[in-house]
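**Q** The residues making up each chain are set out below.
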Amino acid sequence: MSDTTLNHVHPQTTLAAPSITEDWLAVILGLLIFVLALAALANVDLIGWVVTTSVWNNLGQSLKATSKGYASLGGAGALLATYVALTVVLSAAAAALKRDVIRFALAFTAVFWIAYASWVIGNFANFAAVTPAEQQKFGINWSLRLTGEGGLIFAIVAGLIIANFFPRFAEAIKEAVRPELYIKIAIVILGGFIAVTVAGRLGLASSLILRGIAAIVEAYLIYWAVVYFVARKWFGFSREWAAPLASGISICGVAASIATGGAIRARPAVSVLVSSLVVIFAVFEVLILPFLAQAFLSHEPLVAGAWIGLAVKTDGAAVAAGGITESLILAKNAAEGVRYQPGWILGTATTVKVFIDIFIGIWAFVLGYIWTNHINATPDRDKAKAWEIWQRFPKFIIGFVVTFAVGLYLALGTPADIAKNVPAAIGEANTFRVIFFILTFFSIGVLSNFKTLWQDGFGKLAAVYFVSLFGFVIWVGLLISWIFFSGITPPLAG
Amino acid sequence: MGEPQTNPDLRDELRSTAVEPLLPIEKKLIGWSLTIGLVLLVGLALFNHFVPVTF
Numbered sequence: 001m002s003d004t005t006l007n008h009v010h011p012q013t014t015l016a017a018p019s020i021t022e023d024w025l026a027v028i029l030g031l032l033i034f035v036l037a038l039a040a041l042a043n044v045d046l047i048g049w050v051v052t053t054s055v056w057n058n059l060g061q062s063l064k065a066t067s068k069g070y071a072s073l074g075g076a077g078a079l080l081a082t083y084v085a086l087t088v089v090l091s092a093a094a095a096a097l098k099r100d101v102i103r104f105a106l107a108f109t110a111v112f113w114i115a116y117a118s119w120v121i122g123n124f125a126n127f128a129a130v131t132p133a134e135q136q137k138f139g140i141n142w143s144l145r146l147t148g149e150g151g152l153i154f155a156i157v158a159g160l161i162i163a164n165f166f167p168r169f170a171e172a173i174k175e176a177v178r179p180e181l182y183i184k185i186a187i188v189i190l191g192g193f194i195a196v197t198v199a200g201r202l203g204l205a206s207s208l209i210l211r212g213i214a215a216i217v218e219a220y221l222i223y224w225a226v227v228y229f230v231a232r233k234w235f236g237f238s239r240e241w242a243a244p245l246a247s248g249i250s251i252c253g254v255a256a257s258i259a260t261g262g263a264i265r266a267r268p269a270v271s272v273l274v275s276s277l278v279v280i281f282a283v284f285e286v287l288i289l290p291f292l293a294q295a296f297l298s299h300e301p302l303v304a305g306a307w308i309g310l311a312v313k314t315d316g317a318a319v320a321a322g323g324i325t326e327s328l329i330l331a332k333n334a335a336e337g338v339r340y341q342p343g344w345i346l347g348t349a350t351t352v353k354v355f356i357d358i359f360i361g362i363w364a365f366v367l368g369y370i371w372t373n374h375i376n377a378t379p380d381r382d383k384a385k386a387w388e389i390w391q392r393f394p395k396f397i398i399g400f401v402v403t404f405a406v407g408l409y410l411a412l413g414t415p416a417d418i419a420k421n422v423p424a425a426i427g428e429a430n431t432f433r434v435i436f437f438i439l440t441f442f443s444i445g446v447l448s449n450f451k452t453l454w455q456d457g458f459g460k461l462a463a464v465y466f467v468s469l470f471g472f473v474i475w476v477g478l479l480i481s482w483i484f485f486s487g488i489t490p491p492l493a494g
Numbered sequence: 001m002g003e004p005q006t007n008p009d010l011r012d013e014l015r016s017t018a019v020e021p022l023l024p025i026e027k028k029l030i031g032w033s034l035t036i037g038l039v040l041l042v043g044l045a046l047f048n049h050f051v052p053v054t055f
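Chains A and B, in that order, give the protein sequences. Heads up, the first sequence is in the working numbering, so the first residue is 1 and it goes up one at a time. Heads up, the second sequence is in the working numbering, so the first residue is 1 and it goes up one at a time.
So here's chain A without its partners, still in its complex pose (with noise of 0.2 Å):
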């Protein structure tokens, strides 16, 4: 992800340039939570008061602190808590990017309320109980057997409602609708989670990132050069706008499109256009993609992963789409008797979505080198530079680096009665990362105002994205998924 992103998208209400950026930020937030997690490590539980959520058929009993030690705050004084710390701590992170600190808190407080409700009213058990065994624990007869994870769902199903019934309080609330920001913390979270989940079998694992790597080749090879044929001959584009387009719809929508704009030196309106079609694409991909995974790929569940990194753009939907993709199969195997090891259809689509991502600076050095080169050439312009591959990496993903090279000592490099800890202790770290996720589908959901598809003009575009996605991206990924990754099982739970 570019460390434009948000910058473009919110350009109207920047006071001042921030002297850090939101990658940077995401880094330190999500840095900040893991640390204070692991200090369970040495029996200081700082952040066991954080809410989770569970499946329920009494509200009264749906919410609760992560750790026992916090359990006499109960739900509502947990979800309190929760609220107050992220306000603060996010408000401290809006101050830093020069935002308006008061517009923000007051925005936060209306997207954390509706994205958690939205979150606990799809834990209901009629929704999310799954086995009949838990139907029978439940007392109900019936259920959408949609999983906890199922609530995401709800929350972008409120955010989508909110942009195109409710425009002036999606407006209202935009400052704190950051569905980037949101998912780069939880990414860099999740870099440990992942770790504990494959440190006995990293084996599996080690063989799965390799595997990762045809996934770049595919997005920037295949995908890019087929889309931009398609944009430019098939539908008439200019140069302008086939180059962002391509890397929106091939690579990852907002922060790619956003990177090959700035390197050919095309218009930011451009790319901002383009990068409001991704998230519109992207919610209807989350939105079919997970349950046609789950009907046709639950006995391949990491093609199903690795099909979700590949498939669905911008980071945030990528990777909360593989969270529920992996709920959804997990939960349809549980009801035939097989219990996978939950983590492993996560963290291919993670995995495969950040290999996918790292490249984007180089890739958009070489199209600036091209454009500014052969295509625009004139003596006084603008040339492409070396250092912007590095102004353009994707910063978080060091984060997420961090916490898996640190989770994975933890794990595996000490002794034995602290290693037994360390998955309880990033477990709270992982109940943040959570929270990060609903916060980034709700956001995902109120920038969709699908009033955009149907402008004048805008239809072209459309059609261009509906044509490559539906047409080629989804089914070309489906192969190479099924190619690398068929065959392959996660460990069995237990």
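For the record, the hints were derived by calculation from the structure and aren't laboratory data. One thing to keep in mind: the hints can contain errors.
Distance windows between CB atoms, simulated [to be verified]:
1. Q136/A / L38/B: 51 to 59 Å
2. I161/A / L34/B: 39 to 47 Å
3. F50/B / T109/A: 54 to 62 Å
4. F450/A / V51/B: 43 to 51 Å
5. P415/A / L34/B: 48 to 56 Å
6. V84/A / L38/B: 51 to 59 Å
7. F450/A / L34/B: 28 to 36 Å
8. L287/A / L46/B: 31 to 39 Å
9. E20/B / A463/A: 14 to 22 Å
Just so you know, even glycine gets a beta-carbon here, dropped at the ideal spot from N, CA and C.
Given the structure of chain A, go ahead and fit chain B onto it with the hints provided.
**A** Okay, now just chain B, sitting in the frame of chain A:
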């Protein structure tokens, strides 16, 4: 994202952009990307076949 609704110039431009023919450098970019990509994918598929997953 309010930008799309407030930029009629871009809408007009999208409706009526003159077609720019593909330049040789663009054809090279597309051709080389696909060729290198397919070669690498075949290589990785062979690797995948001969180096099985370690469980």
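**Q** Give a verdict on every hint.
**A** Structure-based check of all given hints:
1. Q136/A / L38/B: 51 to 59 Å: 53 Å, holds
2. I161/A / L34/B: 39 to 47 Å: Because 42 Å falls inside the window, the suggested range holds.
3. F50/B / T109/A: 54 to 62 Å: 57 Å, holds
4. F450/A / V51/B: 43 to 51 Å: The hint (43 to 51 Å, Cβ to Cβ) holds, given that F450/A and V51/B are roughly 46 Å apart.
5. P415/A / L34/B: 48 to 56 Å: 52 Å, holds
6. V84/A / L38/B: 51 to 59 Å: Once the Cβ atoms are compared, 54 Å apart, the range 51 to 59 Å for L38/B and V84/A holds.
7. F450/A / L34/B: 28 to 36 Å: Once the Cβ atoms are compared, 34 Å apart, the range 28 to 36 Å for L34/B and F450/A holds.
8. L287/A / L46/B: 31 to 39 Å: Holds, since L287/A and L46/B (Cβ atoms, about 37 Å apart) stay within the stated range.
9. E20/B / A463/A: 14 to 22 Å: Given range 14 to 22 Å: holds, Cβ gap about 18 Å.
Consistency with the previously given hints is maintained throughout, with no hint failing.
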